[in-house]
Amino acid sequence: MIPAAFEYHRPKDLDGVLSLLTEHGDEARVMAGGHSLIPMMKLRMADVPHLIDLQDVAGLTGISHSDNTIRLGAMVTQHDIIGDAKLAERAPILREAALQIADPQVRYMGTVGGNVANGDPGNDMPGLMQCLDAVFTLVGPEGTRDVPARDFYEAAYMTAREDDEVLTAVTIPVPRGGYAYEKQKRKIGDYATAAAAVQIVKDGGTCTAASIAMTNLSDTPVYSDAAGAALIGTSLDDAARAAAVAAMLGDIDPTEDNRGPVAFKIHVAGVILNRAIERAWARA
Amino acid sequence: MKDDVENREDRVANLKGLGCSRKRVEDARFTQGKGNYVDDIKLDGMIFGDFVRSPYAHARIKSIDASAALEVPGVLAVLTAKDLEPLGLHWMPTLAGDKQMVLADGKVLFQGQEVAFVVAEDRYAAADGIELVEVDYEELPVIVDPFEALKSDVVLREDLVAEDGSLPDGAHGPRKHANHIFTWEAGDKDPTEEVIANAEVVAEESMYYHRTHPCPLETCGCVASMDKVNGKLTLWGTFQAPHAIRTVVSLISGIEEHNIRVISPDIGGGFGNKVGAYPGYVCSVVASIVTGKPVKWIEDRMDNLMTTAFARDYWMTGKISATKEGKITGLHCHVTADHGGFDACADPTKFPAGFMNICTGSYDIPTAYLAVDGVYTNKAPGGVSYRCSFRVTEAVYFIERMIEVLAIELNMDAAELRRVNFIRKEQFPYTAALGWEYDSGDYHTAWEKALKAVDYEGLRAEQAQRIADFKAGKTRSLMGIGLSFFTEIVGAGPVKNCDILGLGMFDSCEIRIHPTGSAIARLGTISQGQGHATTFAQILASEIGLPADSITIEEGDTDTAPYGLGTYGSRSTPVAGAATAMAGRKIRAKAQMIAAYLLEVHDNDVEFDVDRFVVKGAPERFKTMKEIAFAAYNQAIPGIEPGLEAVSYYDPPNMTYPFGAYVCVMDIDVDTGVTDIRRFYALDDCGTRINPMIIEGQVHGGLTEALAVAMGQEIAYDDMGNVKTGTLMDFFLPTAWEVPNYETDYTVTPSPHHPIGAKGVGESPHVGGVPAFSNAVHDAFRAFGLRHTNMPHDHWRIWRTAHELGLHA
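Just so you know, the protein sequences line up as chains A and B, in that order. Residue numbers for the first sequence, in numbering that gives the first Met the number 0: 0 to 283. Residue numbers for the second sequence, in numbering that gives the first Met the number 0: 0 to 808.
Keep in mind the hints are simulated off the structure, nothing from the lab. Small disclaimer: the values here were computed from a predicted structure and weren't measured. It is possible that part of the hints are untrue.
Only part of the chain B face toward chain A is listed, based on derived beta-carbon distances under 7 Å [claimed, not checked]:
id	residue
1	Asp670
2	Lys723
3	Thr734
Using N, Cα and C, we set each Cβ at its ideal position, and we do this for glycine too.
Chain A with its partners taken away, still in its complex shape (with noise of 0.2 Å):
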């Protein structure tokens, strides 16, 4: 468990991150909390000659809120959102997932940024700022790009991102209605066997909005648009959670892992979902 040997980068902007992507190309890696990209570094799957430590590297901190919008700094860990009361009262499902996300050790040091930018389909922020309908802000040699969560995943570690480009903030509307995060896992620290982030908007006893995203049924998050329609202008009867759920399935594309078969996967995937509608709904 000793990773190949590598220079260690750490430098105090992002002006000298990005000429050091620029300097050795593929050869460089950004690394935020560490705890996707050691690893595999430690299992020699992943050779990075250049790592390049961001935790120096000024205005990647901190959430800033604005009236329609919040901005997650790259480096705002997992317990900086757990611990953050105006982030969990404006957007309570952030911190209802981040709870759900490993260890507390571990989300000492996991972060935003590294979390979405991996591609890791095990990862749940993804899915999360998918439903959310998240903006990645990218900062790279030709200047600041923004691009949707919805549009950033292409495959298993495959992303949106150019090489030399830094994940640098993730902003996202401020949610409305109700929401809820529901994950199953085997234990403490295991990623989703399934689970739904999911937010409604509820006028009257009629649903006018939902946005449905689902984690670690395909090689990339699955934001479902047709599942958050099949709810739009219902009352979530049994009926329209039952097309939300058919949707949703119609969506996702889960593999055999230690988790379980595939059909284990896709009932647990409609259980799950059909559970996070419910308490969704319920805080609508």
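Given chain A's structure and the hints, the job is docking chain B onto it.
Showing chain B alone in chain A's frame:
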């Protein structure tokens, strides 16, 4: 020196002897990070070794090229089987009478097998060197199924087939197939089959007790240091049996035993994983001899899970017969035992399937037969007793599942079926059909106490309501009541039938009383977290009347400790604990003579009272043990040697048989397979209780490992022999989050043959816990037609059970 404590009750309390929940003296260092484990040992000039391991489960090795590795700065040497062969060390004997490759000799038999040993100035260079050793493998057909192994033309162990193709006998007799290791039988075959053939009721079941791993927090490792000047080898290591390791090292290396010093420092859990001898030890010793430098080898987590000493992997088929009223008449058991590529089980020599013949359990079964077939496959070797005596978890799981299946067959309550068949109190000592003589027990009392404590009738009523609600569509949760009654067989063991590599399984204690009334005692055992320094001092305190706080317990250094067979199979208290008491009694006998001399009376006119000898009939005339200790060193007493020391080697007359009654209450989410253990009650009877607090800790730990094994922990292989569960992401190691609240309870039925009546407790909760958790899962689905489903009961397997029973329709 006058004792300031005079009240008898206070004097007893002051000793902190038997029955006292004395705080663990070890914890001061463990809780402050001041333990001294093998990897904490740092010696001048120390270098490091690590293995090139096979990525294949079965392959021929065509060539090994280490030239690129040797170019890595800091890499000093790369050892292969060819380097060890001239020393005769490329193979080593196993504890089971087989032999095992130290480094791959022409082929590999399991994924992760040791192929070459890279020696380097530091761990980083060793790791880089490993990457560059080029091994040319030719893949061979892989067998991971023992039943297929017994039919296959693929020979895994060519070294065990004669040139003419015949099969020489193995260590345990004739072999039926090239991949067959042994057949071991106990009991009466024909009478058992006849009883079952003519029985009123017969229940049959096949079950797989899956392969798992003890997974101590500290992995295996060692530091070997050969002093070329004085010819002495010092070997620090994670050894559960340091003396046995010394003897083995001497036998295979040719170094005289007095020139070998083996030291087990603090050990971070063993659970059977650290009983055997591993290639890392041999390679470290050789590397130290070759380089003249101390060599350290420490496993990483994946090495540990994939290569050193698995547990279980028993395919068990049973038939149990009974009268219509539920009285059991016969038991038949066959086991196909998957031993992996080498038979490296850690069992007493005459017991290649351990004490599997305790599988008649806690029941009065008149006729029984057991046969075990050991088989080679392309998996890692091992077969150790993971927190249990030798194969006792397998035996107890088997009988406790068979009881449940028979209850279904009889349409009878499983608690009542047990009650009808328990060995009765007056039957002890009880000789079981498969040969063991149970020393003592009072099963009915323990069972009734347990059932009352959990309100068994109330639980059954609640369960009936839950089933009705489920059928009515009001809930998707089922409730299981898991019953388990176990009898352990521990304290191996009597030298007449228990040895390992010819070494009798006695144990020992040596005591030195210091002039000022404190003492040091050394034992042949070694604590790995059991708290020996605390509990053995308590045994001694009660025996010799000096406070436990004034007694140092030392283990693990073969240069100072008396010879013993180490700590596993719950043998420390039954064997070394007995030796401690007996040595203490020798001290007391001499102290009595000294006291009589000091009090100017005849030896028989003084008697022991807590912490002193008192003149009979004159309690005001006494000498405290402290005073006697001083006298032993400053008085010239006619006919008595100076000093106060004793040593005892204890050969136990019998095993001890702890028992217990466990009840687990579990809710199961039928739709997701998620379980919630909402209650766990554990009653243990370990005979005399030395330290109730430590017993409770042992029970919590053993139950937690039982929870792990029953509910998710496994070493799983794919068809190519790849380990699928080689990290703690997939290998279930419960944390505080997954562990339920445990309620502990006890009865006390002392062992009649043990000096203080103690039986041992460390492994009972694991042995009894696994069937309790598993039976809870089974019980939840009993009303829907489930008879048996294999562990581990993780989410998807429980979901599959519900699915196959039609509960998702």
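Evaluation of the provided hints:
| no. | hint | result |
| --- | --- | --- |
| 1 | Asp670 | 5 Å, holds |
| 2 | Lys723 | 6 Å, holds |
| 3 | Thr734 | 5 Å, holds |
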